[in-house]
Structure formats: C-alpha cells, structure tokens
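Residue numbers (this note's numbering), protein chains in the order written: chain A, 1 to 263; chain B, 264 to 500.
It cannot be assumed that every hint is accurate.
To be verified - In silico SDA-like pairs for lysine to any residue, Cα to Cα no more than 20 Å straight-line:
#, chain 1, residue 1, chain 2, residue 2
1, A, K259, A, G218
2, A, K114, B, L310
3, A, K125, B, A471
4, A, K177, A, E242
5, A, K131, B, E379
6, A, K177, B, F394
7, A, K125, B, L397
8, A, K131, B, G390
9, A, K114, B, A378
10, A, K114, A, D99
11, A, K131, B, F394
12, A, K114, B, W464
13, A, K114, B, V290
14, A, K114, B, F401
15, A, K125, B, G390
16, A, K114, B, I307
17, A, K114, B, S328
18, A, K114, B, G341
19, A, K114, B, R402
20, A, K114, B, L332
21, A, K114, B, D339
22, A, K125, B, F394
23, A, K125, B, L310
24, A, K114, B, A312
25, A, K125, B, P398
26, A, K114, B, I324
27, A, K125, B, A472
28, A, K114, B, S420
29, A, K177, A, Q249
30, A, K125, B, P309
31, A, K131, B, A472
32, A, K114, B, F446
33, A, K177, A, T246
34, A, K114, B, G376
35, A, K177, B, E379
36, A, K114, B, R467
These are calculated hints, taken from the structure and not from any lab test. Note that the coordinates shown come from a computational prediction; the quantities given were computed from them, not determined experimentally.
Single-letter residue listing:
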Amino acid sequence: MNDAREPAAPRQPSPKQIGEPLISVRGVTKYFGDFAALTDIDLDIREREVVALIGASGSGKSTLCRCINRLETISDGEITIDGEPLPEEGRELTRLRSDVGMVFQSFNLFPHLKAIDNVSLGPRKVRRLPKAEAEARAVELLERVGLADKAQSLPTALSGGQQQRVAIARALAMEPKALLFDEPTSALDPEVINEVLDVMQELAERGMTMLVVTHEMGFARHVCDRVVYMDQAEIVEQGEPEQFFTAPQTQRARDFLSKILAH
Amino acid sequence: MQIILEYWPLLLTGIGTTIALTLLGYVFALVLGTALAVCRVSPIPPLRAAATVYVEIFRNIPLLSLLILIAFGLPDVGLVLPYFWCGVLGLTLSSAAFVCENIRSGINTVPIGHAEAARSIGLGFFGVLRFVILPQAFRTMVQPLVNVFIGTLIGSSLCAAITVTETTYVTQQLNIRTAEAVFLFLVAGVVYLSLSLLAAWAGRRIEAAVAPGDRRARGGDGPARGAGLRLQGAGQA
C-alpha cells in the first residue's frame, strides 16, 4: 500500500487563513501493540483555522485528535502547541492540556454536577477563580450556547444536543487556544445535530482555532477552511474544501467520497 | 435474665468496647484503604505494585492469626501495645485491604471518558479523582463499604482471643462463671445483630442521600430520550 502512495496534495493553507501554526504535528507515529494507528503524520493547524479531519472508521483520525491532547501517548514524533512541545507527563502536560479544549463524541459531562458546575469546575479548580466569578462566566458561556435556562439542570435531564453544547461551554471555560472535536455529533439524534453544528459554526466565525473530526460533510465543506483526509493511519490528501469535494486529487479520496456521497 | 440483671455493667463495657474497636478499626481502615486504592489506580508502577502486595497479604491472612501475630509478635521486636490497640491495628490492617478493593472497583465503574474529560480541562491526577471520579464512585461504594463495616464488627469478636474485654470476651467470662453458654451466646448474637442492622440502616440512608441525581433524572422531563442517547453513545464508543 505504501509504495502506491499518491502524490501529496498542496500543503499551503488557503489564502483566507491568518496566523502562525498553533498546533504542529511532526512525524507522529502511534502503535497500539503491533497495529499502526498513525504513521508519520505531519500536520499544522494555524491560528483561527478550522480544519476538518475526515476518513473512514479506523483510519486514525480520532487517535490523532486524542494524541494532540495527550490522551494517547505517541510512539514517535513530536507535537507542539504554540511552540511548546507536549511533555510526556506531569504538571507541564496538565497546563498545556488545558490550552487545548476537547469535545467528545459521548459528551462525557460529569453526571453528578449541574450544567453550571460542569462548566465552572475547571476555572475554579485549575485556574483558581473565585466561585462567584467562575459561575458568572459559566452562565455567560451557557447563554452563548443557548442554554442559560438549563444552568441548574443535571446532565441526565438534558437532551444529547443540550449535553454536547454544555460540553462545548465546559471546554470554552478554560479559554483554550484551540478546540478539538472528536466526532461531536456522531452520538446525536439527527434532529439535534444542527443545534450543535450551529454553535460550532459560530465559534468558527469568531476565530476559534478548531480541529474537527467529523462525518458531517456539509459542515466540513461549508464551515471549515481546510479538509484533511486520512486513510489507513496516514494523511492521504488535504486542501480547500471546495477543491477536495469537487476535484479530489487521489484515488483513495475519490473512492471515499463516492461511498459517502452516493445518496 | 438473672444473669443480665446481675452482670449488666460488665456486658455494657463489652458492648462499648466492641463499638470502640469497630469504629476505630473501620475509620482507620477507610483512611488507609482509600490511600491504598489511590495507589492502585495511580500512574506510578511501584505504588501500584506495593498496594497490590498489601491487599493480597492482608486480605488472605485470617484475622485471628493476624491479631495473635500483632499481640504476641510485636513485643518480640520491641513494640508493646495495649491489647485493645493491637485489636484496632489488626482490624485496621485487615479491613483496609477490603476497603481498598471496594473503592478500586467503585472507581472502575466510572466511565473512562469522564476521566478523560476531566484531564482535558486541565485537572491533574488528584483533581480528577477528587472532583470527578470519587464523587461518582462513592455512590456505588456505599453498600460494599457497609459490608466491610459489618465485617469489621463481626471480626472484632476475635479480639477475645487476645483478651480484649469486648462482647465475646465478656460472654466467655460470664459463661465460665455461670455455665449458661446457649443463653449467653444468644445474647451476644442479638448484640451483634442489632449493631449490624443499625449499620445497614445507616448505609441505606447514606445511599439515598448521595444518589438523588439518578432518581431525579428518571422522573425528569426527558427520561426516555436521555436513556436512549446514553445507550446510543455507549454503542458507538
């Protein structure tokens, strides 16, 4: 498979992107036992850039996302956040990790805490903000995701879409430099997917740096600045969404798109 | 009946000592067991190994042997404790192993995603445990911890073997004086049963107090949808 590797797509970002590379992935390789989940990945995500990471299940896109937040260790290579390499463990890692927020497929709200406490926990316990200040900010953020009236609700009393929006507010509360989304709408009922995508689009328009692992091709095409296509643990093609969706350069991308866009 | 009326101060002393042994042994076991459980889930291999070795040793030595080793072995190495405290120490060491395993399995009931979410907002190992994992795990640990309490209570009767004047020891002494074994041990049985039932009742109250969230959700405005989504999420994870 490797010897048939297609020519790499243009690397340079589209002209509308501004800013320096914020997240740099260099030669990253990740093994689970003998299984290569990532092989020699190079990827830059620039400030204010919104990157869609797409590909079939098992192509390594979620793993890459999790490696950037060090929820998975990497076997080889280097990841830097704003010029600082991610350390293996310890306090430095904890600090850097909160610079990059993460939104999970299964929301992972803390079920014993109300929405407002889910959002204010990080600022209070990590940033040491006074309770009143952290809660005031949490209410602001819940308002921003359209859930001011749910501040006192426990996660189990919220719909999936509402839970995911609380999870986005929770990530924003740490004032991260970038947000990672690991299939944020894959566990949602179809009718609530848009309420989450709307919040993400608003973030994108406000200039948040985002890496979005997604199967929502509409979102990738219309909201993202760049599409990165992964297959079998490597980046096969990347480029501007319009170009990628209308004229993919590689056979593997064409096959992938023909499968998902057939209907 | 005559015996009880005649010897009630001695019996009360015995019951009081039983309660003291149990409470002290249990509280110390909770502290030590929690520390051991934290070691068992820590990212540091030597700590994990040490806690595992501790659990395997103290869970598998019969309490009676342990008490006798402490009471008659420690003086050989120059450490002389009153027998009461030997009893407390034995109960603590033994119950801590069970507390540790219960807390660890409670921790394991919390989905790993919650720990990851907590790490992703910048909480360190202890922050994740303290604010996210343990508050959830505690709900599932109440009943198992009540079982350890009852085990500690029942185990405290073995302190009779090292002459601590707790309920069983007093019962044996009275039996020697009065030769009313069946009646006296029935009385002792009622004492242990009453204390155990009291502990189980307290456990149920605590469990109800710490688990309001789940119940409220079941009666909440969107229970079917919430549960469905949770299953869906689990299926795709």
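| query | Does the structure keep K114/A and L332/B at a Cα separation of 20 Å or less? | reply | Given that 20 Å is the threshold and the Cα spacing comes to 50 Å, the pair is violated.
| field | Straight-line alpha-carbon gap K114/A to F446/B, limit 20 Å | value | Violated: K114/A and F446/B sit about 55 Å apart, past 20 Å.
| message | So if I understand the rule, the pair passes when the alpha-carbon distance is 20 Å or less; does K114/A with I324/B pass? | response | 44 Å, violated
| Given the hint that K125/A pairs with A472/B, does the C-alpha gap stay at or below 20 Å? | This hinted pair is violated, its Cα atoms lying about 25 Å apart.
| said: Tell me if the straight-line CA distance from K125/A to L397/B falls inside 20 Å. | reply: 16 Å, holds
| request: Take the C-alpha atoms of K114/A and I307/B, compute the straight-line distance between them, and say whether it is at most 20 Å. | output: Since the Cα atoms of K114/A and I307/B sit roughly 33 Å apart, the hinted pair is violated (cutoff 20 Å).
| Taken at face value, is the distance from the CA of E242/A to the CA of K177/A at most 20 Å? | 27 Å, violated
| field | K125/A paired with G390/B [C-alpha distance capped at 20 Å] | value | It holds: about 8 Å lies between the C-alpha atoms, which stays within 20 Å.
| Under the criterion that the straight-line Cα-Cα distance not exceed 20 Å, is the pair K131/A, F394/B satisfied? | 15 Å, holds
| field | Given hint W464/B paired with K114/A - CA-CA distance at most 20 Å | value | 29 Å, violated
| task | Sort out whether A378/B lies within 20 Å of K114/A, counting only the CA atoms. | result | Distance ~17 Å between K114/A and A378/B Cα, so the pair holds.
| said: Need the status of pair K259/A, G218/A: alpha-carbon distance at most 20 Å? | reply: It holds: about 15 Å lies between the C-alpha atoms, which stays within 20 Å.
Of the numbered hints stated above, those contradicted by the structure are hints 2, 3, 4, 5, 6, 10, 12, 13, 16, 17, 18, 20, 21, 23, 24, 26, 27, 28, 29, 30, 31, 32, 33 and 36, listed in ascending order.
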